[in-house]
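Residue numbers (this note's numbering), protein chains in the order written: chain A, 1 to 281; chain B, 1 to 266.
Do not take every clue at face value.
Some chain A residues judged to face chain B by a derived CB distance under 8 Å, without partners named [as the list claims (entries may be wrong)]:
#, residue
1, Q59
2, F64
3, F68
4, K76
5, D78
6, S80
7, P217
Here are the in silico distance ranges between beta carbons for each label pair [to be verified]:
#, chain 1, residue 1, chain 2, residue 2, range
8, B, S51, A, G200, 27 to 37 Å
9, A, A79, B, A214, 27 to 37 Å
10, B, V193, A, G200, 47 to 57 Å
11, B, R258, A, G104, 37 to 47 Å
12, B, L157, A, Q156, 27 to 37 Å
13, B, F55, A, V147, 12 to 22 Å
14, A, G200, B, L157, 37 to 47 Å
15, A, T108, B, V193, 38 to 48 Å
16, A, I267, B, R258, 40 to 50 Å
Calculated from the structure, these hints are not laboratory results. Glycine is no exception: its CB is placed at the ideal position from the N, C-alpha and C atoms.
Now for the letters of each chain:
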Amino acid sequence: MAVEAEDAMPMPAPVRRVVVYRHTFIVRLTHWINAVCIFVLVGSGLNIFNAHPQLYWGQKGDEFDTPFLALQSIDKADASVGGQTIVGPLHLNTTGFLGASKQGGELTARAWPDWLTIPGPTDLADARHWHFFFAWILVANGVAYLVWSLGIRHIQRDIWPTLADLKAIPRSILDHLRLKHPSGEAALRYNVLQRLAYLGLLLMVCGMVLTGLSMSPGFGAFAPWLVQVFGGRQSARAIHFFCAGAIVMFIVVHLVEVVLAGPFNEIRSMITGRYTLPKEH
Amino acid sequence: MALLTRRKALLSLTGGGLLLAGCSKITGGDQLNDSAGFQRVLAAAEGWTLSTQRFLLGGGAMAQEFKVSDISKNFKANGTLNPGGDEYDRHVDEGFVNWRLTIDGLVAKPMSLSVAELRRLPSRTQITRHDCVEGWSAIGQWTGVPLALLLRAAAVLPQARYAVFHCADNLDGEPSKGGQQSPGQYYESLALVDCRHPQTMLAYDMNGKALDVAHGAPLRLRVERQLGYKQAKYVQRIELVSDFHRISGGKGGYWEDRGYEWYAGI
């Protein structure tokens, strides 16, 4: 019969937007608090770094020791100032960015340029106030996130990679290189590189807090063993700096991926929680 | 499609870079930084740090002590390198034999001691790490009189809460005049719990030799669980007070008056 025959015929799938509730309120809230904290912590951290732009390994290090990394200014023959970055045996000319940069139109001796630091002008006292205030907020926010997301098994389910995930790493790398993004239901599940990146971020933020605490002479008296774990106060300071670098790299990749995957949809999902499934190809 | 997404990638890299950068100018961080109200909000963190560290450290947790082989060959001297002025120069010429340490204020038995008298009291020697607020560290050996001993001898009154350390150096470059506190005069203050910590001392020897001028001769404070600016050099007078708001800039120390935290455990 005609009607039955028509029913049995495959119909083209209706073009319909599928909107799902993707990010819970706690994830969204802690995400944005985190974003503000990390932004301020990086900027104020660079200002603090400028007070002594050298890194050493071990417990001690001052102007009489040899740093393995330094951003310094040099006085040139023509009485102008130049910027130099020293990494181990390498001496790199970084005038204009590191070691010496424009401040009010004039090339000035300064490890990190003023457009990267909070506050802009070199001010160790104020930068410390910013840094420690937002560090406290970051820690409180991080603890709330960890307790909640371990409790509802968000980390175990959505972030911790499964064995199958790990086996799919080569395939996932290829997909990322081709800028190929999953569509439909598959887009809801974090892929393995995403999982590893988010886990890595968690680890780096924990590393930041612990190395940060290891620089505190008060906390050092409470847990000298922790300072030892990092190889001493100056190595803790160096690791603090490298973890910050890793976090900045995470943020850059994170932002690129947001734009590639559809910035409107992605950002909306982190504000309202609602996410439109990308159409199947 | 691939071309488009690659262009998007480049654009977002630039955008992300801009977002990460330009912190203060683009986001108005500098205007916030200049606002007294916002600074008051930020200042709350110092209280959180102080109460957390008081809770974790109690009175007694000791700063790490090191081996002789760990001592910095050159220990950076910072702040005042020589207080200068006729009076201090005369003390240097005399080998500090006429230098007096006065302990007064809220004490039952005010006293005045010479360096030789201090050297005859029980002493303590410790090899500790000096952490500057700027970020560098140096390790040195200090010998001196535990401050707790001096405070007990002076019989601190119950209403005393802080010890204020008045120093001979003036970081504004002017020598002190007639003992009057000019704004650049170095001073510091500690809560009594930190004064009574076993590692807190008035040191007269560094690395086995009498303190040199650059490192605070003849007497400097060592308070090992706090940053370098608390380790006042050229100490002349310890004044016990119930609060320090009427002293100099009112924040409890030379650097505190210039915006640094009074509690320098972080």
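Evaluation of the provided hints:
1. Q59: holds (6 Å)
2. F64: Since the shortest Cβ distance to chain B is 4 Å, the answer is holds.
3. F68: Constraint on A/F68 not satisfied, violated at 14 Å.
4. K76: violated (25 Å)
5. D78: The hint is violated - A/D78 has no Cβ within 8 Å of chain B, the shortest such distance being about 29 Å.
6. S80: violated (25 Å)
7. P217: holds (5 Å)
8. B/S51 / A/G200: 27 to 37 Å: holds (33 Å)
9. A/A79 / B/A214: 27 to 37 Å: 30 Å Cβ-Cβ, so the 27 to 37 Å window holds.
10. B/V193 / A/G200: 47 to 57 Å: violated (41 Å)
11. B/R258 / A/G104: 37 to 47 Å: violated (23 Å)
12. B/L157 / A/Q156: 27 to 37 Å: violated (59 Å)
13. B/F55 / A/V147: 12 to 22 Å: holds (20 Å)
14. A/G200 / B/L157: 37 to 47 Å: The hinted range 37 to 47 Å is violated for A/G200 and B/L157, with Cβ atoms some 57 Å apart.
15. A/T108 / B/V193: 38 to 48 Å: With Cβ atoms ~43 Å apart, the hint holds.
16. A/I267 / B/R258: 40 to 50 Å: Hint holds: Cβ distance 42 Å, inside 40 to 50 Å.
Consistency note: the structure conflicts with the earlier hints numbered 3, 4, 5, 6, 10, 11, 12, 14.
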